[in-house]
Amino acid sequence: GENVEQHPSTLSVQEGDSAVIKCTYSDSASNYFPWYKQELGKRPQLIIDIRSNVGEKKDQRIAVTLNKTAKHFSLHITETQPEDSAVYFCAAPTGFQKLVFGTGTRLLVSP
Amino acid sequence: GAVVSQHPSRVICKSGTSVKIECRSLDFQATTMFWYRQFPKQSLMLMATSNEGSKATYEQGVEKDKFLINHASLTLSTLTVTSAHPEDSCFYICSAPRGRTLHFGNGTRLTVT
Numbered sequence: 003g004e005n006v007e008q009h010p011s012t013l014s015v016q017e018g019d020s021a022v023i024k025c026t027y028s029d030s031a032s033n034y035f036p037w038y039k040q041e042l043g044k045r046p047q048l049i050i051d052i053r054s055n056v057g058e059k060k061d062q063r064i065a066v067t068l069n070k071t072a073k074h075f076s077l078h079i080t081e082t083q084p085e086d087s088a089v090y091f092c093a094a095p096t097g098f099q100k101l102v103f104g105t106g107t108r109l110l111v112s113p
Numbered sequence: 005g006a007v008v009s010q011h012p013s014r015v016i017c018k019s020g021t022s023v024k025i026e027c028r029s030l031d032f033q034a035t036t037m038f039w040y041r042q043f044p045k046q047s048l049m050l051m052a053t054s055n056e057g058s059k060a061t062y063e064q065g066v067e068k069d070k071f072l073i074n075h076a077s078l079t080l081s082t083l084t085v086t087s088a089h090p091e092d093s094c095f096y097i098c099s100a101p102r103g104r105t106l107h108f109g110n111g112t113r114l115t116v117t
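Read top to bottom, the protein sequences are chains F and S. Residues 3 to 113 in my numbering are what the first sequence spells out, letter by letter. Residues 5 to 117 in my numbering are what the second sequence spells out, letter by letter.
Accuracy of the hints is not assured; some may be wrong.
[Stated by the list, open to error] Label pairs and their in silico Cβ distance ranges:
| # | chain 1 | residue 1 | chain 2 | residue 2 | range |
| --- | --- | --- | --- | --- | --- |
| 1 | F | 33 | S | 43 | 28 to 34 Å |
| 2 | F | 63 | S | 21 | 45 to 51 Å |
| 3 | S | 43 | F | 73 | 24 to 30 Å |
| 4 | S | 63 | F | 43 | 21 to 27 Å |
| 5 | F | 53 | S | 21 | 41 to 47 Å |
| 6 | S | 18 | F | 55 | 51 to 57 Å |
| 7 | F | 113 | S | 89 | 38 to 44 Å |
| 8 | S | 63 | F | 48 | 19 to 25 Å |
| 9 | S | 104 | F | 14 | 30 to 36 Å |
Since the hints were derived computationally from the structure, they do not count as laboratory data. Glycine residues also receive a C-beta, built at the ideal position from the N, C-alpha and C atoms.
Let the sequences and hints guide you as you build the complete structure.
Below you can see the structure in the form of structure tokens.
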């Protein structure tokens, strides 16, 4: 089955800086890669996703890039704000409609 | 707004008792739902797939007799933690796919004393 690795486990940045979180996956047939944000004690919420037919997708301050050859995808957050502080999870499919999640990255944005 | 509703949000129970958690899809039918658990500061781990009209399928290492899943209708799945023990204390989250997107419930924080 699919295996997803995520780095770094923690990331501290100053407000206004950029943050990058990277994930690698093992199944070359995987074709859908979502990113979720989870605030403490709350449900994960989808913030952006990318399908394998594109290399990059952007939504305001958030972007995701995909390198199918290298089997990795990254989340980019620009102009970070304190409210971006949360745990971010990447995911990849492991069967029909099933997702396997990365280990998570705790992002702390300091004012 | 929320598309998946989960109840209760918190539950405290005594060791040896059973707890039932409900997961409902709102305004859409979900023939499949997924149950995840999350221990503190860890990732979401898939426990089982709830299938409407057939038995649930469990991930390796998850005891099917301990975690009973019933997909009662096209909008409702329940997870019952039987004979709960302190090591079962964690955050249980259900999810339902709508299209390609997986939507999560608010989660249930279970504390077994």
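Inset, instruction - Could you work out which earlier hints the structure fails to respect and list their numbers in ascending sequence? - result: Violated hints: none at all, because every hint is consistent with the structure.
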